[in-house]
Every structure is written in structure tokens, then in C-alpha cells.
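Convert by adding 1 to the 1-based position in the sequence shown; the result is the number in the working numbering.
Don't take every hint at face value.
[To be verified] Only pairs whose alpha carbons sit at most 20 Å apart, straight line, appear in this in silico EDC-like list of lysine to aspartate or glutamate: (1) LYS57 - GLU86; (2) LYS146 - GLU158; (3) LYS120 - GLU23; (4) LYS118 - GLU10.
[What the hints assert, rightly or not] What follows is a list of derived Cβ distance ranges for each label pair: (5) PRO149 - GLU21: 21 to 29 Å; (6) GLU21 - GLU102: 39 to 47 Å; (7) LYS28 - THR144: 27 to 35 Å.
Hints are computed from structural coordinates only; laboratory data are not their basis. The structure presented is a predicted model; accordingly, all values stated were derived computationally and were not measured. Positions of the beta carbon are idealized from the N, C-alpha and C atoms, including for glycine.
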Amino acid sequence: MAIRNLRYEGDEILKKRAREIEVIDDKIKELAQDMMDTMHKWDGLGLAAPQVGILKRIIVIDLYEEGTQFTLINPVIINEKGFQEVEEGCLSFPNKFGKVERPKEIIVEALNLDGKKVKIKAKDLLAQALSHEIDHLNGIVFTEKIKPGTLEVVSDEDIRKAKEGKK
2 MAIRNLRYEG DEILKKRARE IEVIDDKIKE LAQDMMDTMH KWDGLGLAAP
52 QVGILKRIIV IDLYEEGTQF TLINPVIINE KGFQEVEEGC LSFPNKFGKV
102 ERPKEIIVEA LNLDGKKVKI KAKDLLAQAL SHEIDHLNGI VFTEKIKPGT
152 LEVVSDEDIR KAKEGKK
């Protein structure tokens, strides 16, 4: 499909609440595929439609393990339990990282691309990713939640070196 342009820190769309999706048509399915492709291109774990300039309530997540790829429409957190302090970054805030408090476990209700209601019970990294992306749909960005004194700004060179070290 197509790689969409990401929206970055300072773009007003990242602060706006996304609108519910009323009809899951071919245009929404194309958007979902484009979002997944865009997220994969930049090695992300999740992406929300506002991050590609679309104010619609759709997110994609891929933890790069079997059975951990999701496209969720109109997702809502219906239950949360516990807390975890996690290191977070965001494709819309390249090179910025910080510690954020997220729920340890959550339950999310949403629609899949077939319009069927799904319920996801998530914990740890998946709970973190779902919470982060659903925040985007509500106009909340992770930098608003960073614990004081934990913000790190990393250079492109350091990121390149880290990626080379993993190979």
C-alpha cells in the first residue's frame, strides 16, 4: 500500500480528539493497511490515525510476535488494573524517550476491520502500547505523562549505532 507522512511534535492535530468511525469501508481498510505499513517502515510498535493526520479512532499495533498484530476501530479501555513504570518513545516524537506510568493490565473493547466487536485482555507491553495509542485518539501525547527528570533526547547517530549493535 502506501507509506503515510507522520505528524510530529508541535503539529496541532496531535492534540485533537479523533472522531468515531461510523462505517468500515474500503477507505478505512486502506487507511489501516497504510498505517501498518508506515508503522513497520519506522520500526514502531503502534500507530494512531492522528499521527498520520487523520482524526479518526483507529489504531494499529504489532509487537512482532505471533498473534500480536491488531487493527482496532473505536477502541475503548473498559478496565485497568495495577501500574507499571515503563520507558516510552513515540514515532511522532523522534529521539525522545522517558519514563511513563501506564496500567499493568487493561481490557479494551473495539471493532475489528470486519466490524465485529472484539475484547482484548492485555498486560505488560501490549497494555502499554494500547494505552499509548488510545491516548493519541484522545489528543494526549506521551510527553505530557513523562515523569519529571526522566526525559532523554537521543541523537540520530546514537540510534543508528544501537540498531547496528542489535544486528
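Hints, one by one, checked against the model:
no. : hint                       : result
1   : LYS57 - GLU86              : violated (29 Å)
2   : LYS146 - GLU158            : violated (26 Å)
3   : LYS120 - GLU23             : holds (19 Å)
4   : LYS118 - GLU10             : violated (33 Å)
5   : PRO149 - GLU21: 21 to 29 Å : violated (34 Å)
6   : GLU21 - GLU102: 39 to 47 Å : violated (27 Å)
7   : LYS28 - THR144: 27 to 35 Å : holds (31 Å)
In summary, the structure is inconsistent with hints 1, 2, 4, 5, 6 from the numbered list given earlier, while agreeing with the others.
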